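Those protein sequences? They're chains A and B, same order as listed.
If you read the first sequence in the UniProt record's numbering, its first letter stands for residue 1, the second for the next number, and so on.
If you read the second sequence in the UniProt record's numbering, its first letter stands for residue 1, the second for the next number, and so on.
Any given hint could be a false lead.
Short derived list, chain A residues pointing at chain B, Cβ under 10 Å [stated by the list, open to error]:
{"#": "1", "residue": "27"}
{"#": "2", "residue": "32"}
{"#": "3", "residue": "38"}
{"#": "4", "residue": "100"}
{"#": "5", "residue": "157"}
{"#": "6", "residue": "158"}
{"#": "7", "residue": "162"}
{"#": "8", "residue": "199"}
No lab work stands behind these hints, which were simulated from the structure alone.
Keep in mind that this is a model prediction, so the values were computed, not measured.
Idealized CB from N, CA, C, for every residue including glycine.
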Amino acid sequence: MSVSSHTTNSVSATSSRPDTAHSTGVADSGRWSTRRIAMYALFVALAMATSFIEFPIIPGIQWLKYDPSGIVALIAGFAFGPAAAAIVSVLGFVPHLFMDPWGTLMAVLVALSLSLPAAFIYRANRTRKNALIGLIAGAVCALVIAIVGNLIVTPIYAHMTVAQVAALIVPALLPFNLLKFAIHGVVTFAIYKPITTLLDK
Amino acid sequence: MNTTATAAELAGIRFSYDGGTSWALDGVSLTVRAGEYVCLTGANGSGKSTLARLIAGLTAPDAGDVTLLGHRVFASSDADGTAGTATGANPAEYRAARRGIGAVFQNPEDQIVTTITEDDVAFGPENLGLARETIGERIVGSLDAVDMAAHRRDDPTRMSGGQQQRVAIAGMLAMNPAMLVLDEPTAMLDPAARADVLRILDELHARGTTIVHVTHHADEAARAGRVVRLERGRIVGDRRNAADGSVLGTPQPIVPAQQSAQSSSAESAEAQPSPVRSSTAQSSPAERRPATSVSRPGDGDQTNVSTTAAHRPLPSPTATSAAASTTASAASSAASSAPAIAVSHVSYRYPGADRPAISDLSLTVGAGETVAIMGENGAGKSTLARLLCALDKPSAGSISIAGVPVAVDRAIGDTIGDLGTVDSGLTPGLTPDYPPKSEHGSGERRHRKSRVRTLNRRQRERLRGVVGFVMQHPERQLFADTVADDVAYGPRNQRLTEPEVAKRVTDALHLLHIDHLAERSPFSLSGGQQRLVAIAGVIACRPRVLVMDEPTASLDADATARIHELIRTLNAQGVTVLIITHSFAEARAVADRTVTLGGGSVSADATVTTAATATVTTATASASAMDSAMTSAARTDHAGHTDHDDYAVRTNRADRTNHTDRTNRTNHVNRTNHTDAVSAPGSGADTARDERSLIARLDPRVKMVAFLAMMFTAFAINTPLQLALGAVVVATIVAMSGVGPLRLLRSVHMFLAMFVVMGLLNVFFVRSGNALAQLGPIPITDDGVTIAILYALRLALVIILGAILLETTTPTELTDGFGSLLSPLNRFGLHTQELALVMSLALRFLPTLGAEAKAVADAQAARGGTIETGPLPARLRAMTALCVPMFAGAIRHADNLSLALDARCYEEGIRRTHWRALRVRGRDRAFCAAVLLYIAVLVVLGMLA
Numbered sequence: 001m002s003v004s005s006h007t008t009n010s011v012s013a014t015s016s017r018p019d020t021a022h023s024t025g026v027a028d029s030g031r032w033s034t035r036r037i038a039m040y041a042l043f044v045a046l047a048m049a050t051s052f053i054e055f056p057i058i059p060g061i062q063w064l065k066y067d068p069s070g071i072v073a074l075i076a077g078f079a080f081g082p083a084a085a086a087i088v089s090v091l092g093f094v095p096h097l098f099m100d101p102w103g104t105l106m107a108v109l110v111a112l113s114l115s116l117p118a119a120f121i122y123r124a125n126r127t128r129k130n131a132l133i134g135l136i137a138g139a140v141c142a143l144v145i146a147i148v149g150n151l152i153v154t155p156i157y158a159h160m161t162v163a164q165v166a167a168l169i170v171p172a173l174l175p176f177n178l179l180k181f182a183i184h185g186v187v188t189f190a191i192y193k194p195i196t197t198l199l200d201k
Numbered sequence: 001m002n003t004t005a006t007a008a009e010l011a012g013i014r015f016s017y018d019g020g021t022s023w024a025l026d027g028v029s030l031t032v033r034a035g036e037y038v039c040l041t042g043a044n045g046s047g048k049s050t051l052a053r054l055i056a057g058l059t060a061p062d063a064g065d066v067t068l069l070g071h072r073v074f075a076s077s078d079a080d081g082t083a084g085t086a087t088g089a090n091p092a093e094y095r096a097a098r099r100g101i102g103a104v105f106q107n108p109e110d111q112i113v114t115t116i117t118e119d120d121v122a123f124g125p126e127n128l129g130l131a132r133e134t135i136g137e138r139i140v141g142s143l144d145a146v147d148m149a150a151h152r153r154d155d156p157t158r159m160s161g162g163q164q165q166r167v168a169i170a171g172m173l174a175m176n177p178a179m180l181v182l183d184e185p186t187a188m189l190d191p192a193a194r195a196d197v198l199r200i201l202d203e204l205h206a207r208g209t210t211i212v213h214v215t216h217h218a219d220e221a222a223r224a225g226r227v228v229r230l231e232r233g234r235i236v237g238d239r240r241n242a243a244d245g246s247v248l249g250t251p252q253p254i255v256p257a258q259q260s261a262q263s264s265s266a267e268s269a270e271a272q273p274s275p276v277r278s279s280t281a282q283s284s285p286a287e288r289r290p291a292t293s294v295s296r297p298g299d300g301d302q303t304n305v306s307t308t309a310a311h312r313p314l315p316s317p318t319a320t321s322a323a324a325s326t327t328a329s330a331a332s333s334a335a336s337s338a339p340a341i342a343v344s345h346v347s348y349r350y351p352g353a354d355r356p357a358i359s360d361l362s363l364t365v366g367a368g369e370t371v372a373i374m375g376e377n378g379a380g381k382s383t384l385a386r387l388l389c390a391l392d393k394p395s396a397g398s399i400s401i402a403g404v405p406v407a408v409d410r411a412i413g414d415t416i417g418d419l420g421t422v423d424s425g426l427t428p429g430l431t432p433d434y435p436p437k438s439e440h441g442s443g444e445r446r447h448r449k450s451r452v453r454t455l456n457r458r459q460r461e462r463l464r465g466v467v468g469f470v471m472q473h474p475e476r477q478l479f480a481d482t483v484a485d486d487v488a489y490g491p492r493n494q495r496l497t498e499p500e501v502a503k504r505v506t507d508a509l510h511l512l513h514i515d516h517l518a519e520r521s522p523f524s525l526s527g528g529q530q531r532l533v534a535i536a537g538v539i540a541c542r543p544r545v546l547v548m549d550e551p552t553a554s555l556d557a558d559a560t561a562r563i564h565e566l567i568r569t570l571n572a573q574g575v576t577v578l579i580i581t582h583s584f585a586e587a588r589a590v591a592d593r594t595v596t597l598g599g600g601s602v603s604a605d606a607t608v609t610t611a612a613t614a615t616v617t618t619a620t621a622s623a624s625a626m627d628s629a630m631t632s633a634a635r636t637d638h639a640g641h642t643d644h645d646d647y648a649v650r651t652n653r654a655d656r657t658n659h660t661d662r663t664n665r666t667n668h669v670n671r672t673n674h675t676d677a678v679s680a681p682g683s684g685a686d687t688a689r690d691e692r693s694l695i696a697r698l699d700p701r702v703k704m705v706a707f708l709a710m711m712f713t714a715f716a717i718n719t720p721l722q723l724a725l726g727a728v729v730v731a732t733i734v735a736m737s738g739v740g741p742l743r744l745l746r747s748v749h750m751f752l753a754m755f756v757v758m759g760l761l762n763v764f765f766v767r768s769g770n771a772l773a774q775l776g777p778i779p780i781t782d783d784g785v786t787i788a789i790l791y792a793l794r795l796a797l798v799i800i801l802g803a804i805l806l807e808t809t810t811p812t813e814l815t816d817g818f819g820s821l822l823s824p825l826n827r828f829g830l831h832t833q834e835l836a837l838v839m840s841l842a843l844r845f846l847p848t849l850g851a852e853a854k855a856v857a858d859a860q861a862a863r864g865g866t867i868e869t870g871p872l873p874a875r876l877r878a879m880t881a882l883c884v885p886m887f888a889g890a891i892r893h894a895d896n897l898s899l900a901l902d903a904r905c906y907e908e909g910i911r912r913t914h915w916r917a918l919r920v921r922g923r924d925r926a927f928c929a930a931v932l933l934y935i936a937v938l939v940v941l942g943m944l945a
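Given only the sequences and the hints, what does the whole structure look like? Please build it.
See below:
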């Protein structure tokens, strides 16, 4: 999260900022304008809401559940920069912390490793091609983190050795996460254009 | 306060949203004197909202001079050139001026920042850095001023729109403004709530507050001392109303001249009698019952009518009013054929609701008829629409639409036409129970579980082709890149060929006169245009029956007229239209007849609905839901919520359908803490909560850290002894928390399945120890069983601890604690105050977004979209149709919210005071010590093992 302090500066210089026009100089401009606070808040709320919609996508593996909240983090990163991606990835999972502490830590790490690379790559050059590269890079990072995380966290919940969990990588963890990030990527790619239209309004 | 005679002075204002291509305001000069009550009127897009924002100091113009409350906030570069005058916006002056100006906006709920009313009211004063005692006084004073003092501990996000708007006004009053700027504050309110808000504005004005009020209601403008009218960014009228209100007699045409007679009366007839209105409409409310009513209701219904009338007149105008008579004749001939909508003895209760939203409703609508559904908020109007569109399943009764059996009550044969068997079955319905399938009504049916049969997949598809549903604010379901694509969504889901789809789109756009918008992005359009596009998207499915839920709410006269014209056109084509409306004028303008729902009240017996035996009848529904009549009455559950309206109920429901039991738990949190009495003025938050349990009274920071420490360390439990210790500690905490075992069970019940899965997993994976049994190739060992139990129980401890924390801590406390815990990170450049605010606002909007997601999902389902089945591209399109509106909703809320934050003087990095002071007390230290001891013992036991 330490990135948030310096990255926002450069975002304000590059991205189109609707909150600078007609500025009164009070709270409606700057790095933490009220509009930014409100946008971050609503994106975090959206991430929270979607993080509760979870369902298993591989039959029989109950604890590997798909939830669409990663899409919100990706969109936030594309629209507002890496700081927003980090805020949404972390705060979006806070409600889960008191229900599933270890799982939440892992979910946050996976969300960060997915949305941050994507946001950084897209920010460097805002093209469709870069968005695609960003999504793929994010998915690769997130895949690694998800598998390593599962190796560590699963034995805490179930009496399994790391080796036993490792045996599940190919039949379960890998296909699940590939599928998950593929859905994330395809949906993000499909919905990003209308959303930017809205944000630029 | 600055006591200049001028509250606001604007000169030569120009304002453009597109860099000067077009001007939202062009050469506007306006002076508002202190103490004036000024209304700004004009059509949508006339610039009145922009002007209001300028007066409120929330935005700066492109050119011109602005002086607010004596502060020269904006000076044009080409202005007088007085020496020393800075040009452009002057932040310091803006900041100073804004502290004296309150702003209230159209959307009530987007102005609410937190989930406890008094905290919400305190937000502005906190931003002003006022002392705690002062904040306490301000809370009491401002809530009193809007008659919400009794609700200071309630959750404003669950209130009705009218109450929310009053809380929003209180939030402004708490900052002691000299001037209040309101942008269509009543646009989303029903007539009763509207009257409340207007009365409060009058009172504030009488006390000397300057009021600037944007409205497109003629009757609201008539209350003001002065009416300023805008047209295309210019002031075209500025007149003072005579003190005696004689202006009512000669209303200046608020509606543009090209408007039809009906719609201009529609605008003005809301409050005062219009000349168009026939003399029968002036008679007493009881006499205004429809003349077409075939069977008179029984005694119960008479009581019902008088109750309603006493509360507020609810006339049901006849179809023979001057305005509607032309279209009515064409329709009534068609109406004699088979009914398009047949609703028979339908009841519905929202899951978990105390009483049914609809109770034993019967209604028949003939093919080609246009029927207006009226009734107060909470009368069950929207619920009825949802039931008709098969978006909800009635708990009893049958519904058939154009021959499609939407719901078939297997028991209906026994009761139909036999009024005697429909007893006052409401009383048992008062006990809330899960699951939602439970029903009320005559005794012999109560115990049957699911007696209503609903559609199979093919029938559902047929229904989607027959019924069109225009939900409330249908523009919120727009998603595609272009208008044409969006409108094509429904026809494509009907799997029509592309040429046919294109034809449907062209026809639908043409019907609404928006052909020229086809290639535009729906998100670049004005609100009124978006509404028309969304309606076109429903019309393109060529429905034979069209259900519209308040299609003209908060639209201006022009857009309203187009929708009325559409209804008449469709009607002429033989389409049956059911329109839900709050406007009598609208009902008169488009409907053949009006059906009024509601009138039930808590104490009254269930009213018996007349069976619809004739082809054309006017049914009176005894939908005894939570209408506003009862909200003022004894509806106070133990949770302390008093007012639920239609909307709030929907919110609750959406929470559940979202599988967000866990979210609900966050919501329940509010309830636990609201039981305490209203605290004395200025006494602060602490004294009033002494009756709370020990755990609930812990400092949230201490509680969060301690609980998290216990939760994480619980995973280190590996021996039965450690488990026993953990169990004792957790049991003690549960006992001290005051959370009853039943409530605890309810909040952890969905984890039970997880325990089973985890347990089984362990049983299967552990191969050591003695084999107890053999399950196929897998041996079940005693070690396996021991470990399964140990792992399941330690997980249970974690989950119980989490549940206790959430049950005993309000979201406000959580975010306060969160912000305070983060604050040391300030040193590393992290904006902790802002992050805490983001967190707090996110939690506040979580249920709102959940409810909206549900509404969008329903609306798209009604257009035939589904993610579960179909080819991959269609599924992706369906996913897009869900996701984009959800993001659009989030962005819309954020835009409104940012204005509300500005109006409350929030600024990055300001020094804020805190109404709720966090303090670590003796009990917090003791609790910390106990937790540390427990963890130490746990570790020692682990090392001994």
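Consistency of the hints with the structure:
1. Evaluation of the residue 27/A hint against chain B yields a held restraint, the C-beta minimum of about 4 Å falling below 10 Å.
2. About 4 Å separates the beta-carbon of residue 32/A from the nearest beta-carbon of chain B, less than 10 Å, and the hint is met.
3. Because the closest C-beta pair between residue 38/A and chain B is about 4 Å apart, less than 10 Å, the hint holds.
4. Of the supplied interface hints, the one on residue 100/A holds, with its beta-carbon coming within about 8 Å of a beta-carbon of chain B, less than 10 Å.
5. Taken as an interface hint, residue 157/A checks out: its beta carbon lies about 6 Å from the nearest beta carbon of chain B, inside 10 Å.
6. With a least beta-carbon distance of about 5 Å to chain B, the hint placing residue 158/A at the interface is held under the 10 Å criterion.
7. For the restraint placing residue 162/A at the interface with chain B, the shortest Cβ-Cβ distance is roughly 13 Å, beyond the 10 Å limit, so the hint is violated.
8. With a cut of 10 Å, the hint placing residue 199/A at the interface with chain B holds, because the nearest CB-to-CB distance is about 6 Å.
Violated hints amount to a single one, hint 7; each of the other numbered hints is respected by the structure.
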